[in-house]
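Student: Now for the letters of each chain:
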Amino acid sequence: MFQYTLRRLFMLIPVLFGMSVIVFAIVHLIPGNPAETMLGERATPEAIERLTQEYGLNEPLPTQYVLYVKNILSGDLGTSLRSKRPISEEIWPYLAATIELAFASMLFAVVIGVNAGIISAWRRQSWFDYVSMLIALIGVSIPVFWLGLMEQWIFANELHWLPSTGRDNARDPVQAITHLYLIDSLIAGRWDQFLDVVRHLILPSIALGTIPMAIIARITRSSMLEVMNADYVRTARAKGVKGFSTVYVHALKNALIPILTVVGVQVGFLLGGAVLTETIFGWPGIGRYIYEAISFRDYPVIQSGILVVATLFVLINLLVDLLYAWIDPRIHYS
Amino acid sequence: MCQKLMIETGQSLSVKEPLPEGKYPSGQEAQETIAHVSPWQEIWQRLRVHRFFQWGAFVLVLLVLLAIFGPLLTPYSYDGTNLSEGLKPPSSEHWFGTDDLGRDIFTRVAYGARISLWVGLAAVSGSIVVGTLLGLVAGYFGRWIDTLISRLFDIMFAFPSILLAIAIVAVLGGGLVKALIAISIINIPTFGRLVRSRVVSLVQEEYVQAARAIGLGHAPIIFRHILPNTIAPVIVQGSLGIATAILEAAALGFLGLGAQRPTPEWGRMLADAREFFQSAPWTVFFPGVMIMITVLAFNMLGDALRDVLDPKLKT
Amino acid sequence: MSKKRLEVSKRFKASFAKHSKTSAIVLLLVVLVLSLSACGGAGTNGDKSASEGQDQGQDQGKTKEKVLVFARGGDSVSLDPATVTDGESLRVTKNIMEPLLQYKPDSFEVEPALATDWKVSDDGLTYTFTLRKDVKFHDGTDFNADAVVYNFKRWVDPNDPHYAEFEYYQSQFGDIIEDVVAVDPYTVEFHLKDRQAPFLQNIAMDPFAIASPEALKKYGADFGRHPVGTGPYVFEEWKPKASITLVKNKDYWGGELGLDRVVFTVIEDNSARLNALKSGEADIIDGVLPNDVASLKKDDRFQVLDRPPNNVGYLGFNTQKSPFDNVKLRQAVAHVINKQGLIDAFYSGQGEPAKNPMPSTIAGYNDAIVDYEYNLEKAKQLMKEAGYADGVEVNFYAMPVYRPYMPNGPKVAEAIQDELNKIGIRTKIVSPEWAVYLDETKQGKQDMYLLGWTGDNGDPDNYLYVLLDKDNAGGSNRSFYTNEEVHTLLVQAQQEVDPAKRMELYKRAQEIIHEDVPMIPLVHSISSLAATKDVKGFVPHPGGSDKLTNVTIGQ
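Chains as they are written, first to last, in our numbering: chain D, 1 to 334; chain Y, 335 to 649; chain L, 650 to 1204.
Honestly, I wouldn't trust all of these hints.
Claimed, not checked - Mimicking DSS-like on lysine-lysine, the simulated pairs with C-alpha atoms at most 25 Å apart in a straight line are:
| no. | chain 1 | residue 1 | chain 2 | residue 2 |
| --- | --- | --- | --- | --- |
| 1 | Y | Lys512 | L | Lys1091 |
| 2 | L | Lys1029 | L | Lys1004 |
| 3 | L | Lys802 | D | Lys84 |
| 4 | Y | Lys512 | L | Lys1094 |
| 5 | L | Lys866 | D | Lys84 |
Claimed, not checked - Residues from chain L that face chain Y, not an exhaustive set, calculated with beta carbons under 10 Å:
| no. | residue |
| --- | --- |
| 6 | Ser920 |
| 7 | Pro1049 |
| 8 | Lys1060 |
| 9 | Glu1063 |
| 10 | Ser1080 |
As the list claims (entries may be wrong) - Here are the in silico distance ranges between beta carbons for each label pair:
| no. | chain 1 | residue 1 | chain 2 | residue 2 | range |
| --- | --- | --- | --- | --- | --- |
| 11 | D | Val21 | Y | Glu419 | 47 to 55 Å |
| 12 | D | Pro86 | Y | Leu399 | 55 to 63 Å |
| 13 | D | Glu59 | Y | Gly551 | 43 to 51 Å |
| 14 | L | Gly998 | Y | Asp413 | 21 to 29 Å |
Calculated directly from the structure, the hints in this document are not laboratory data.
None of these values were measured; they are calculated from a predicted model.
Even glycine gets a Cβ: it sits at the ideal position worked out from N, Cα and C.
Just chain D, with the same shape it has in the complex (with noise of 0.2 Å):
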């Protein structure tokens, strides 16, 4: 198992060297200068010479890439160019604010998908089966920006149950220690300023939990027929174990391995694929950000924020597979 891991971890070794090289020809392809785009309407000649030199863009470019893994294998991403500040020190606010909205939307996509999978499953072409298989089926159907802007039409401008855009109240913002609100206002003792972080990440992670949500359902419910249909549970039902614990329990251990396969790649989606839902909701998330960097032509931010969350979803699908010889005792890897 140890062993196991660590062949995983060396082999992302070559992926992330892969994708460093992929992401920096990529930036350097993109046509616009930095510097002119910092100075926008303002750039005058002198200028533009000025800030490039200062930038290290007038280096070629395979000193300007070695220069590049150097840092980050020194555990330094580079400095942002527009604010000119260390992109190691910068980026934890983001990736927090993502991390919680991520984990809002996971929570939202499990409890629901599964359980509304498994029911399903149970009363196999009830009612409750085919609604709830409709809404699987719309829910991956449905663009998320769209369902980002009826819910805050709905539930923020018409009928103002929620708050529609921000992490938390401007008139009494959260301290900021470890940047994951949710925790943050709990450290302050502020139930009340808690209570506030949830409803704001209520309409985001419904936005952006509702594909994992669907994904997960159907996979849940077709999982869960499968197992139903295995020998042993046909035998305990026999043998008169009755009802929905029968079903509950016994196939949703063996259903849980898909589903866990499911929830991992999701994770990986939502950390990077939430520039969506970020943008329609104000959410200062990692995906915002990475994304300013492309428009702004932000080098040194856009490779590292990409190599951060590739990272991320390399580092959270090996910890699925390792999960799984947790939950399940016959797998083993070697």
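Starting from the known structure of chain D, fit chains Y and L onto it as the hints suggest.
Tutor: Chains Y and L alone, transformed into the frame defined by chain D:
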């Protein structure tokens, strides 16, 4: 035998969707049909009665009709502005209302159907061609080629795909075709991995070994014996992929990176309408609904195809 | 066989206990979330009253604080004014740090800030400032002549350890400042190499605010996250892309302040920002869309605050490239632009038609100039004279980003395109990404383009020299306009210290520019803020950033 077949069909069909088993040919009927017709006809027989296929195809036909004839139903053009007619709610004159520049939203939405259908189909075709080729090569030749291609897929898979698409569009320079290419690129690994895994197991099959043994060249083996057997999952994934591609194109359009004005791409329309959301909700509502319906249709088709072609495949 | 199954089923049973626990927790969480949204819903019903109620609830513990929530469209880049050029950064730093002089609240006239008095030598090369006494930086250190010298050194000297790559310093002063000397603790002398007419205007710009030398030393490159100055508000917290919080400076030299706390929050989407105002999440918002101004004016809960125009949105030509190297053709275009029509359609009337490259509030504005009237016949005639009777095909770059002077470039371009068709100029509108747009217009790929300028210091030099002098061709002068006569006039004016003579030079320059049409000024737009009626004393400054010294909220 008969019982086993029934379980399999019953399972695979009902696993994917909730229709009563009675709607499908019973095991025995199916078996009888099989005896008389070619595999493709058999597939068609089963597809035809699949409820999702019926619905998906029905919606799709409507969409195609809308794309072709929709713009002809109205006296307006998709880019003809008329400032005095701006932001009018739906009426008998303007079925879906007008946008801020006074353009008829129905006309624009109908025209947009052409764009989205074309983007979806073209982007996925691109992914399929490149992905399949790479997958075939990797799976068939194995060794370092396989390692290289598989690692490439790993890398692309680990990228946050929408950000990768944004970056690619930034490199290529925006516009509908560029967005299409970006979407095509980010979806290559999906098909590549699918084909590769299929090829890896096919290469072990006796008939392929036999073909090798009699000294058949690589190309004939790949294209005559292996490729045809990878088609089924690719078709299934392809129709689901179109759904994804349409969503991704709309997302890029929404971020202002896809189609350029005044092209009535649905995502772009949504983004432009956002500022009038409160005063004129119809400007946001209809493009969004159209995206959803289109994507839904392709997802239904994909589900149906999966049930029929490849019961083993999962999401 | 059956034994094995039994084992399996046992294990499942054991795990059932575990799982039922998890599912119980999950269930609890669901209930919690649902109840939260429900009670949130009940609490916020009837938008404003509830949020006020909530505030009171929170404030019960503390004494009633006066908090102003200012919602804006973008985050600051850095809070070190010496390193930035963007308005969103300067609007915040303006309240933390102060320059020697400052502009009056509603104009570009200079008045004392950290300097109480100033003298100019007869040759115009030495400026002597008397500094305000008993002023302390937020970190408790003294403000004095040494601090001023320290700051200027940091801006000028690349070898200084805290040297700031200072865009504004370069653009406003270049290498004109020879030396800055502390004569005594409260007197500073500036020695110039050359006379500079707008010197005092420049000194009063927000970027030339004086920072605490101790803080500069302490935080180094991170000063932009820990700004320390003498201003009315003290920096407290910055949550990137979310909010910046400032608190009252209790020892402010300017006297008692009306606010305890100012929170600048970022809400990028325009309609969401308006919503925040309506729901009570924000007290004041900027970037109100022209469309929304009318409805806000009718609503008696809110006030609309118009920022006087200090910008120009223009249609530029590439004057170095065929076909628009032909002045007749440029004049033809000028005759088919309906400026008022554009303003009504795309600015909701919130702007003035422009005939000069600078707004009428700027000194030296030439009001004698008569704008090209809308006249299709004349335009067609000019087309003929230019040798393009059969028409011509050109590209038309339309800026893709929002600016107050150009809220929607592509749509303005579409409208102009329509008009140009009538005289046979067929345009292809290109609207690439902003970075690409800037790059390509700098290279001169455009035939026609849309762009604009927002003034920095209220001086004519800041418009005419920047936009149309040959020194700036390919930079801020994207029309590549290189008229020698204009150049001579503008450079002369830079050194002319007699205001009357100076203004004459600018007026003459505007005449030539009008004849030459390197650009067609379209509009000087008014951008609007909106606030609740509770906000008092807010005066929008034409420069785009506002000092909140006199603002108060509530009773």
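Student: Please go over all the hints and tell whether each is borne out by the structure.
Tutor: Results for each hint:
Taking the CA atoms of Lys512/Y and Lys1091/L, the gap is near 24 Å; set against the 25 Å cutoff, the hint holds. Among the hinted pairs, Lys1029/L with Lys1004/L is consistent with the structure: their alpha-carbon atoms are about 21 Å apart, no more than 25 Å. Distance hint between Lys802/L and Lys84/D is fulfilled; the C-alpha atoms sit about 20 Å from each other, no more than 25 Å. The suggested pairing of Lys512/Y with Lys1094/L holds, with an alpha-carbon distance near 21 Å, which does not exceed 25 Å.
Annotation: proposed proximity of Lys866/L to Lys84/D holds, straight-line Cα distance about 17 Å (limit 25 Å). Interface restraint check: Ser920/L against chain Y, minimum CB-CB distance 5 Å, threshold 10 Å, status holds. Nearest Cβ of chain Y to the Cβ of Pro1049/L: about 7 Å, under the 10 Å cut. The hint holds. Given hint, Lys1060/L at the interface with chain Y, holds; its Cβ is 7 Å from that chain's nearest Cβ, closer than 10 Å.
At its closest, the beta carbon of Glu1063/L sits 7 Å from a beta carbon of chain Y; the interface hint therefore holds under the 10 Å criterion. Checking Ser1080/L against chain Y by beta carbon gives a least distance of about 6 Å; that is within 10 Å, so the hint holds. Remark: the range hint 47 to 55 Å for Val21/D to Glu419/Y is upheld by a beta-carbon distance near 53 Å. Separated by about 57 Å at the C-beta atoms, Pro86/D and Leu399/Y satisfy the suggested range of 55 to 63 Å.
Range check, Glu59/D to Gly551/Y: Cβ separation about 49 Å, and the 43 to 51 Å hint holds. Evaluation of the 21 to 29 Å hint for Gly998/L and Asp413/Y yields a pass: the beta carbon distance comes to about 25 Å.
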